[in-house]
Amino acid sequence: MVVHTDYLFFNTKKRQEFVRITDEIASIVKTSGVKEGMVLVSAMHITSGVFVNDWEEGLIEDFQVWLEKLAPSGLDYQHHQTGEDNADAHLKRTIMGHQVMLPITDRTLDLGPWEQVFYAEFVGRRKKRAIDKVVGL
Amino acid sequence: MVVHTDYLFFNTKKRQEFVRITDEIASIVKTSGVKEGMVLVSAMHITSGVFVNDWEEGLIEDFQVWLEKLAPSGLDYQHHQTGEDNADAHLKRTIMGHQVMLPITDRTLDLGPWEQVFYAEFVGRRKKRAIDKVVGL
Amino acid sequence: MVVHTDYLFFNTKKRQEFVRITDEIASIVKTSGVKEGMVLVSAMHITSGVFVNDWEEGLIEDFQVWLEKLAPSGLDYQHHQTGEDNADAHLKRTIMGHQVMLPITDRTLDLGPWEQVFYAEFVGRRKKRAIDKVVGL
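Protein sequences appear in the order of chains G, U and R.
Every number in the working numbering is 1079 more than the matching position in the first sequence, counting from 1.
Every number in the working numbering is 1079 more than the matching position in the second sequence, counting from 1.
Every number in the working numbering is 1079 more than the matching position in the third sequence, counting from 1.
No wet-lab data here; the hints were simulated from the structure.
We put the CB at the ideal spot given by N, CA and C, even for glycine.
Errors might be hidden in some of the hints.
[Unchecked claim] From the derived model, a few chain U residues whose C-beta atoms are all more than 10 Å from chain R:
hint	residue
1	I1100
2	D1102
3	A1105
4	S1106
[Said to hold, decoys possible] Below, computed lysine-lysine pairings styled on DSSO-like, alpha-carbon distance capped at 27 Å:
hint	chain 1	residue 1	chain 2	residue 2
5	G	K1114	U	K1207
6	R	K1148	G	K1148
7	R	K1207	U	K1114
8	R	K1148	U	K1148
9	R	K1114	G	K1207
10	R	K1114	U	K1114
11	G	K1092	G	K1206
12	G	K1114	R	K1148
13	U	K1093	U	K1148
14	G	K1206	G	K1093
15	U	K1207	U	K1092
16	U	K1148	G	K1114
17	G	K1109	R	K1114
18	U	K1109	U	K1207
19	R	K1109	U	K1114
20	U	K1093	G	K1114
21	U	K1207	U	K1148
22	R	K1207	R	K1092
23	U	K1093	U	K1206
24	U	K1109	G	K1148
25	R	K1114	R	K1206
Using the sequences and the hints, build the whole thing.
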């Protein structure tokens, strides 16, 4: 059994931004040498997430509008009494999910034709990271 | 360590449909020979999901109504400028989740008494699949 | 490869309550002896969840208010024709997620500085449990 660990770092220009990371994860899987197994990709911050969906700019815009509707910024959240202003980011990342597990078959990410992996930032413009943990044979 | 891979195929009659797959996954686990470990069950399409919840027809209807409320079809989504009409399916599957990891203890899915696994289709009437990746001893 | 299984039990005083379980999981990881790997933490009931977010009382209150808005209790759900009154709990746990996978590096949960793990109860005042499945080297 092989266990291989790596980290991806992010520092987005915008407060809210989705970053495609499929190729970076595929590269980590290759480095791990794992032929059959899976890789956990998990945001290490509580105002960002990791999800699998379509790589289409219109849909990415739809996600942003939708998340703002379901979990609006600027409300009078209890969390803001601590001096924070990002309660909505905690809620938004909850809807998107904060981690995924990707299957590895024959040294390759075993994804469907349209599956792409994204890091979802909701409070950017600072250094953040996601862990990649590969397990397998 | 054992890693065993299989795929489940779907072609639902309705556009939106929840299909119970607990028994199919249990069967794949048996075939794998894994005694202790876990199995990843993950939709390979971005308009379908996999989730664990109750096997009760009324609740399944409640889920459908609720998802339509949170992520309505028929809105003027940006994604539809590509010719697609299924942006809501991408959002709905995000709420339900696109994958689960099920524990295996003593060669059996170690689920609570009411836990059932479902494949959630939001753009059906075509061939789709989910991957099953069993890891363990 | 090591696979180690344990269970956490809950019996909350309130119907709806979030219980921090980071330390309990860290303890199970230590007992497992796993140096490098991951641990699955998964609710075994369909009206509770497991999630990672901030340990801040104001935000926890925000989550409760938000969930009640997205998935209200007291509506005329189909599920209630079975005699149940908890359809909203099934929906709320779906938003929060019912399981997480936590990375283990150097015998320790490899979490970001603010990541805390919670068991989310939506129909409490009865005995419930979550499974912990550690895999690794």
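Here is how each hint holds up against the structure:
Consistency note on I1100(U): stated as away from chain R, and its beta-carbon is indeed over 10 Å from all of that chain's, at 16 Å minimum. The Cβ of D1102(U) lies farther than 10 Å from every Cβ of chain R, with a closest approach of about 17 Å, so its non-interface assignment holds. For A1105(U), the condition that its CB be more than 10 Å from all CB atoms of chain R holds, with the nearest at approximately 16 Å. The claim that S1106(U) is not at the interface with chain R holds, since no C-beta of that chain comes within 10 Å of its own (minimum 20 Å).
Restraint check for K1114(G) and K1207(U): the C-alpha separation of about 25 Å stays at or below 27 Å, so the hint holds. Proposed proximity of K1148(R) and K1148(G) is supported: the alpha carbons are some 12 Å apart, at most 27 Å. Restraint check: the Cα-Cα separation between K1207(R) and K1114(U) comes to about 25 Å, which is no more than 27 Å; the hinted pair holds. The hinted pair formed by K1148(R) and K1148(U) meets the criterion: a straight-line CA distance of about 12 Å does not exceed 27 Å.
Under the criterion of a C-alpha separation no larger than 27 Å, the hint pairing K1114(R) with K1207(G) is consistent with the structure, at around 25 Å. A threshold of 27 Å between alpha carbons decides the hint, and for K1114(R) with K1114(U) the separation of about 21 Å falls inside it, so the pair holds. Proposed proximity of K1092(G) and K1206(G) is supported: the alpha carbons are some 11 Å apart, at most 27 Å. For the hint linking K1114(G) to K1148(R), the alpha-carbon distance of about 45 Å lies beyond 27 Å, and the restraint is violated.
A C-alpha spacing of about 19 Å is found between K1093(U) and K1148(U), which places the hinted pair at or below 27 Å, so the restraint holds. Taken as a hint, the K1206(G) and K1093(G) pair is honoured in the structure, with Cα atoms around 12 Å apart against an allowance of 27 Å. About 12 Å separates the Cα atoms of K1207(U) and K1092(U), which keeps this hinted pair within 27 Å; it holds. Our distance criterion of 27 Å between C-alpha atoms is broken by K1148(U) and K1114(G), whose separation comes to about 43 Å.
Between K1109(G) and K1114(R) the alpha-carbon distance is near 22 Å, which keeps this suggested pair within the 27 Å criterion. Our distance criterion of 27 Å between C-alpha atoms is met by K1109(U) and K1207(U), whose separation comes to about 23 Å. Distance hint between K1109(R) and K1114(U) is fulfilled; the C-alpha atoms sit about 22 Å from each other, no more than 27 Å. About 37 Å separates the Cα atoms of K1093(U) and K1114(G), which puts this hinted pair outside 27 Å; it is violated.
A hinted pair counts as satisfied when its Cα atoms are at most 27 Å apart, and K1207(U) with K1148(U) qualifies at roughly 25 Å. Between K1207(R) and K1092(R) the alpha-carbon distance is near 12 Å, which keeps this suggested pair within the 27 Å criterion. Between the alpha carbons of K1093(U) and K1206(U) the distance comes to roughly 12 Å, so the proposed pair stays at or under 27 Å and holds. With a C-alpha separation of about 44 Å, the suggested pairing of K1109(U) with K1148(G) is violated against the 27 Å cut-off.
For the proposed pair K1114(R) and K1206(R), the alpha carbon gap of about 32 Å is over 27 Å, so the pair is violated.
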